[in-house]
Amino acid sequence: MTEALIKVGNFIVSSSSFEEMLNNIVKTIAQASGAKICLLMFYDEIKKEQALKASYGLNVECLTAVELAIGKNINDAVAKEKKPVIVSNVLEDSRFANSEIIRKEKLCTLLALPLLMKDKVQGMIMLYNERVKKYSQNELNILQVLANQSMLVIENSNLLKRAVDAEEALEARKLIERAKGILVKTQGMDEDDAYRTIHRKSMDMRRSMKEIAEAIILSNEIRRK
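Here my numbering is used: the first residue of the sequence shown is 3, the next is one more, and so on.
In short, the hints are calculated from the structure, not lab data. Careful, some of the hints might be misleading.
Stated by the list, open to error - Ranges between beta-carbon positions, derived for each pair:
| # | residue 1 | residue 2 | range |
| --- | --- | --- | --- |
| 1 | Ile48 | Lys120 | 19 to 29 angstroms |
| 2 | Ser221 | Lys84 | 16 to 26 angstroms |
| 3 | Ile48 | Arg97 | 22 to 32 angstroms |
| 4 | Ile88 | Ala168 | 37 to 47 angstroms |
To be verified - Quick list of in silico lysine-lysine cross-link-like pairs, DSSO-like style, CA-CA up to 30 angstroms:
| # | residue 1 | residue 2 |
| --- | --- | --- |
| 5 | Lys85 | Lys106 |
| 6 | Lys9 | Lys187 |
| 7 | Lys163 | Lys84 |
| 8 | Lys163 | Lys176 |
| 9 | Lys136 | Lys163 |
Please read all numbers here as calculations on a predicted model, not as lab measurements. Every residue gets a Cβ at the ideal spot worked out from N, C-alpha and C, and that includes glycine.
With these hints in hand, go ahead and build the complete structure from the sequences.
Structure below.
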């Protein structure tokens, strides 16, 4: 488990994308726990429900069926308890009674781990086993620590992405302002007309306003030479 914690902590720098990072997390947790299937659910602010974000041990065709099979009751239980929830045998649990995918995959014990951030459940990690599995308190504690570590990595990745996006947005605004100044000076436009010109070209050429601004700046530099 210690190795799994180290791996998860490093995924923020070793993964090439956010999606790859999530897939690496569920794979590592599944392998560390010995589970057949590992799912990572995250709360969707638009749909107001948990949505499947990454999985390990299932083919693509099964994913939608699994989302439906998870059941609102499990989501609510995890959100309310804010601690691991165990279903000893999903085949005998009424919350999964109509799930064909559960029977097809011959799943048995389910462990749902909350993904907590500032004492709020942001999502959960779900581990399915093929046989009845009794988790010791020590195992539950370690797996919850692993889930908490995963949540920190996900949150740090989100913060990093927002910081990069903000920096890129600031750079784009600077370039657009510079391009506006060029149009005002060389074309006799006022600032509003210059902005509308950049925006219109962006729409017509299906390019970002930053790209249009860069083209205007480059063209002006070439003319000056």
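Quick rundown of the hints versus the structure:
{"no.": "1", "hint": "Ile48 - Lys120: 19 to 29 angstroms", "verdict": "21 angstroms, holds"}
{"no.": "2", "hint": "Ser221 - Lys84: 16 to 26 angstroms", "verdict": "58 angstroms, violated"}
{"no.": "3", "hint": "Ile48 - Arg97: 22 to 32 angstroms", "verdict": "25 angstroms, holds"}
{"no.": "4", "hint": "Ile88 - Ala168: 37 to 47 angstroms", "verdict": "41 angstroms, holds"}
{"no.": "5", "hint": "Lys85 - Lys106", "verdict": "28 angstroms, holds"}
{"no.": "6", "hint": "Lys9 - Lys187", "verdict": "55 angstroms, violated"}
{"no.": "7", "hint": "Lys163 - Lys84", "verdict": "27 angstroms, holds"}
{"no.": "8", "hint": "Lys163 - Lys176", "verdict": "20 angstroms, holds"}
{"no.": "9", "hint": "Lys136 - Lys163", "verdict": "39 angstroms, violated"}
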